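We have chain A; now place chain B onto it with these hints.
Just so you know, the protein sequences line up as chains A and B, in that order.
Just so it is clear: in the first sequence, position 159 is 161 by our numbering, and no numbers are missing.
Just so it is clear: in the second sequence, position 307 is 313 by our numbering, and no numbers are missing.
Because the hints were derived from the structure by calculation, they are not lab data.
Possibly wrong hints are sitting among the right ones.
What the hints assert, rightly or not - DMTMM-like cross-link-like pairs, simulated, lysine to aspartate or glutamate; straight-line CA separation at most 25 Å:
#, chain 1, residue 1, chain 2, residue 2
1, A, Lys431, B, Glu290
2, A, Lys431, B, Glu304
3, A, Lys113, A, Glu28
4, B, Lys287, A, Glu28
5, B, Lys287, A, Glu488
6, A, Lys431, B, Glu190
7, A, Lys261, B, Asp315
8, B, Lys287, A, Asp321
It should be emphasised that the depicted structure is a prediction, and the values quoted were computed from it without experimental measurement.
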Amino acid sequence: MFPRNWKSTCLAISLLALVAQASGAELLVGTASTDITPGEPVPLCGQFHLRISQGTETPVTANVLALESRESGQSADLAIMVSCDVVYIPADVLELVRQEVKKRVPDLDPKKVFLSGTHTHTAPELLAGKWVLPKEGVMTVERYQTFFAERVADAVATAWKGRAPASVSWGLSHAVVAYNRRAVYADGSARMYGPTNVPEFRGLEGYEDHDVGTLFAWNAAGKLIAVAVNVSCPSQEVESRTAINADFWHPVREALHEKYGEGVCVLGWTGSAGDQSPHLMYRKAAEERMRTLRGLTRLDEIARRVVRAVEEAYEVVKDDRHADVPLVHKVETIRLPMRLVTEAEYAEAKGEVEQAAAQIEKDPKATDRVYRRMKWYEVTVDRFEAQKTDPKPTLETELHVLRIGDAVVCTNQFELFTDFGIRIKARSKAVETFVIQLAGPGTYLPTDRAVRGGHYSAIVHSNLVGPEGGQMLVDRTVEVIDAMWEK
Amino acid sequence: MHSRRRTLILVVVGALTLVGDGASGAELLVGAATADITPEPPVVLAGMRIATTVESRCMASVLALESRDGDRVVDQAIVVSCDLCILPGIQQGFRQHVADRLPGFDVGKLFLAATHTHTSMMVYKNEYDEKDYGDAVQPKDYLPLLYERLAEAVVKAWESRSVGAVAWGLGHAVVGCNRRAVYEDGHAQMYGNPNDPEFRHIEGYEDHAVDVLCFYDHKKRLKATAITLACPAQSAPRGQVSADFWHDVRELLRKRHGEDLCVLGFCAPAGDQTPNLTFGKAGEARMQQLRGLTRTQELGRRIADAVDDVAGVIAGDVRADVPLVHLVRQVDLPARIVTEAECADAQKVCDAMDAEKAKGEAGARRWYWRVYYGMVVDRYHAQQKGDRRVYPVEVHVLRLGDVAVATNPFELYLDYGVQIQARSAAGQTILIQLASAPSSYAGYVPTPRAVEAAGYSAEVVVNMVGPEGAQVLVDRTVEAINEVWEK
Numbered sequence: 003m004f005p006r007n008w009k010s011t012c013l014a015i016s017l018l019a020l021v022a023q024a025s026g027a028e029l030l031v032g033t034a035s036t037d038i039t040p041g042e043p044v045p046l047c048g049q050f051h052l053r054i055s056q057g058t059e060t061p062v063t064a065n066v067l068a069l070e071s072r073e074s075g076q077s078a079d080l081a082i083m084v085s086c087d088v089v090y091i092p093a094d095v096l097e098l099v100r101q102e103v104k105k106r107v108p109d110l111d112p113k114k115v116f117l118s119g120t121h122t123h124t125a126p127e128l129l130a131g132k133w134v135l136p137k138e139g140v141m142t143v144e145r146y147q148t149f150f151a152e153r154v155a156d157a158v159a160t161a162w163k164g165r166a167p168a169s170v171s172w173g174l175s176h177a178v179v180a181y182n183r184r185a186v187y188a189d190g191s192a193r194m195y196g197p198t199n200v201p202e203f204r205g206l207e208g209y210e211d212h213d214v215g216t217l218f219a220w221n222a223a224g225k226l227i228a229v230a231v232n233v234s235c236p237s238q239e240v241e242s243r244t245a246i247n248a249d250f251w252h253p254v255r256e257a258l259h260e261k262y263g264e265g266v267c268v269l270g271w272t273g274s275a276g277d278q279s280p281h282l283m284y285r286k287a288a289e290e291r292m293r294t295l296r297g298l299t300r301l302d303e304i305a306r307r308v309v310r311a312v313e314e315a316y317e318v319v320k321d322d323r324h325a326d327v328p329l330v331h332k333v334e335t336i337r338l339p340m341r342l343v344t345e346a347e348y349a350e351a352k353g354e355v356e357q358a359a360a361q362i363e364k365d366p367k368a369t370d371r372v373y374r375r376m377k378w379y380e381v382t383v384d385r386f387e388a389q390k391t392d393p394k395p396t397l398e399t400e401l402h403v404l405r406i407g408d409a410v411v412c413t414n415q416f417e418l419f420t421d422f423g424i425r426i427k428a429r430s431k432a433v434e435t436f437v438i439q440l441a442g443p444g445t446y447l448p449t450d451r452a453v454r455g456g457h458y459s460a461i462v463h464s465n466l467v468g469p470e471g472g473q474m475l476v477d478r479t480v481e482v483i484d485a486m487w488e489k
Numbered sequence: 007m008h009s010r011r012r013t014l015i016l017v018v019v020g021a022l023t024l025v026g027d028g029a030s031g032a033e034l035l036v037g038a039a040t041a042d043i044t045p046e047p048p049v050v051l052a053g054m055r056i057a058t059t060v061e062s063r064c065m066a067s068v069l070a071l072e073s074r075d076g077d078r079v080v081d082q083a084i085v086v087s088c089d090l091c092i093l094p095g096i097q098q099g100f101r102q103h104v105a106d107r108l109p110g111f112d113v114g115k116l117f118l119a120a121t122h123t124h125t126s127m128m129v130y131k132n133e134y135d136e137k138d139y140g141d142a143v144q145p146k147d148y149l150p151l152l153y154e155r156l157a158e159a160v161v162k163a164w165e166s167r168s169v170g171a172v173a174w175g176l177g178h179a180v181v182g183c184n185r186r187a188v189y190e191d192g193h194a195q196m197y198g199n200p201n202d203p204e205f206r207h208i209e210g211y212e213d214h215a216v217d218v219l220c221f222y223d224h225k226k227r228l229k230a231t232a233i234t235l236a237c238p239a240q241s242a243p244r245g246q247v248s249a250d251f252w253h254d255v256r257e258l259l260r261k262r263h264g265e266d267l268c269v270l271g272f273c274a275p276a277g278d279q280t281p282n283l284t285f286g287k288a289g290e291a292r293m294q295q296l297r298g299l300t301r302t303q304e305l306g307r308r309i310a311d312a313v314d315d316v317a318g319v320i321a322g323d324v325r326a327d328v329p330l331v332h333l334v335r336q337v338d339l340p341a342r343i344v345t346e347a348e349c350a351d352a353q354k355v356c357d358a359m360d361a362e363k364a365k366g367e368a369g370a371r372r373w374y375w376r377v378y379y380g381m382v383v384d385r386y387h388a389q390q391k392g393d394r395r396v397y398p399v400e401v402h403v404l405r406l407g408d409v410a411v412a413t414n415p416f417e418l419y420l421d422y423g424v425q426i427q428a429r430s431a432a433g434q435t436i437l438i439q440l441a442s443a444p445s446s447y448a449g450y451v452p453t454p455r456a457v458e459a460a461g462y463s464a465e466v467v468v469n470m471v472g473p474e475g476a477q478v479l480v481d482r483t484v485e486a487i488n489e490v491w492e493k
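Isolated chain A, as found in the complex:
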């Protein structure tokens, strides 16, 4: 009845099955969220005048997604991505976080941890030295940095230690949220938030990217545990307020929690959006009327569009999950040529510094209004002085490229004008490309046409790196991405 060697055959089949299972890649995912809202008044980041926070309208949070691929039981690669409701991630704060992570998870390579800011302008300041703060009653920047680093590191450790087998998918949909904020006029000049209802207005300078990229993760039981949402728009609709506020990401998270569960970790990833804003540039009356008819605030309306896009993508990709996906994470430090300061720009900056200093001397109360701007112009003065001995200065910058299945995530430290993100997306071999800006300290990185147009964000005081460096950033990012697809 049975073959004489049936026991040997069964054993061989079982062994083969075990080997097959062990040699397949396994994806593990862990998540965590933490509240990074300070319990005391803090200086807020995002404007040129000093704002000390007066209360909290919505909490600001950091949200962590930890990924690891394992092959034959061994860790193959990993990435820990942290989305933070802050303007940017200063280099010393990133270092502080990594040191704290190292204390908590000694065997984890901290370089595989990256943070990005949603760019909300109503979050605590993270960069020391920008403000002259009251001596009492305000949390110093340094103390907030420590608080932030500890909270984020705790969350990273929680996510990492809690990682478990999971599956992922990626989706693409759309939401009209971002508007190019640079108006161009008949004389060729450009102006951030320039008026458009004037006869000299000719058009908006650049492109907008209305893709909403989504990365979903489910646990082994099939429950959604995380969604990362990539929107090429900074979250600064309520940027001039004086209370802590996560801007539109707060109502986005609230709505997604209501729909998919409180436990879902929602990461806000801002795409390349250095020339974008959620503020309307035209058609304001029609947009306001619709918002009023819906009974929504502007933040709610923006969130509604983003959430609709996430829901749309979810419905399409929820049955296209992948547990066995390549996970490759490259971390690079590259040097980009800095934008050179001209004599004229130096003279302008020096004049501004002297004028601000004189104002402060005459009226110390002017400090709140002009100190930050004075420091801003001082950087230009220092750069020009440094150019005398180093005529070709470069900026060291970190970039991350992470392949997850057919999708790729790539980061940069800048407020990167949208055109650069489009260049990356257009040339990337991935089926879907997520570009995350402000995974570092900024500054704006403008295009050639923006430099020609001038005005804030495209002038030398706003830029450490110019279009030449931007193209190098694009080229290197694309090279790293495409190398992952060639293997």
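Just chain B, lined up with the frame of chain A:
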């Protein structure tokens, strides 16, 4: 005392009747009808291909509006949306055809607009169609059928007009893509490949607004909807008769709102736009595949969903007493001046094509271009004599409640539409291109940056009017709109 109280009551009642949108006591009458304007194949399509099958029927949709104050006609409009590519000479011919059948209506207040579908019937006769198209339905055969079917629908809509109401709203759908890719050396190319290290940016802007007008009968039942977005209907595969994505929009909206719903599709200024993706194709294709949709179905879905997103909201703000004002203006625009070099280049093309024809090598499509290059030469010589330096156009400006509608006959680059939107005094401004066409091909109207970058649609062969004329068009349109709002 008694007479003073009576006087007071009369004054109050009089004041109350004046409250509203300005046309005190005016009634809005609405009529709608749809006509199938598809002949039986084989048919010559716009672009000279011959179609032997019909993928979806091309339709004409008619909206008839009249505002009456008692027996007095305040104003009128008949607006026709046609699933056709361009309409040179068609409006003139049709007005003559239908005038006698519309007693009490000024045919000057009727305009036709094309959706720009490239898979619809050719209507513009050129010299060599008879030889090259065999037994396929050609313009000389098609126009009588078109006029008669349009006439039936227009008469039906006009004669069935009855007391109704209107609501308006603004939604969004990412449908149009700017199709001009710009490279490092400054040149632009329509459908240029952005997967190129020399690619720098997409030349111009995109506008993803969807303007929605909903028309109701006296029982507030939806009878017609006019939808406008800045994208020509040209996503369908070539070679078959198709209404492109407007067919899919109509199917979805009729399924949701009733088979009798009249759906008018209009294209806003979109001379540099296309529904075909410039980049990000793989990600979009995957989503489309997961949804099981074709490209036109996907676009139809986005538009229909945008309409329904708005319709539900504006149903709470339906207006019966709205001002209807319809201005028809003849505007002289400065024509694009052909340079000596452009004439010389065009002459060379003509000579080469003539040589091909002499050898029997020129096909219908090549001859199509011979006509246009020949026109460049003719234009140059005429302009040298002082003629053809002005390009007259007919512009319609309507006010309906707080909405302005303004037309132009061109494939107008999107930036000009943004300028009008930004400067319009109306609460919502709806712009329609390819409307009220002149007797011959009106062509594209490019921006200065497009002319500088060159590439198809920004070259003199397809521009009768250039940036100078465009600016006059913008200014005159804004003046007309704002004039109506100031009254």
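Taking the hints in turn, this is what the structure says about them:
no.	hint	verdict
1	A:Lys431 / B:Glu290	14 Å, holds
2	A:Lys431 / B:Glu304	24 Å, holds
3	A:Lys113 / A:Glu28	22 Å, holds
4	B:Lys287 / A:Glu28	29 Å, violated
5	B:Lys287 / A:Glu488	19 Å, holds
6	A:Lys431 / B:Glu190	21 Å, holds
7	A:Lys261 / B:Asp315	19 Å, holds
8	B:Lys287 / A:Asp321	21 Å, holds
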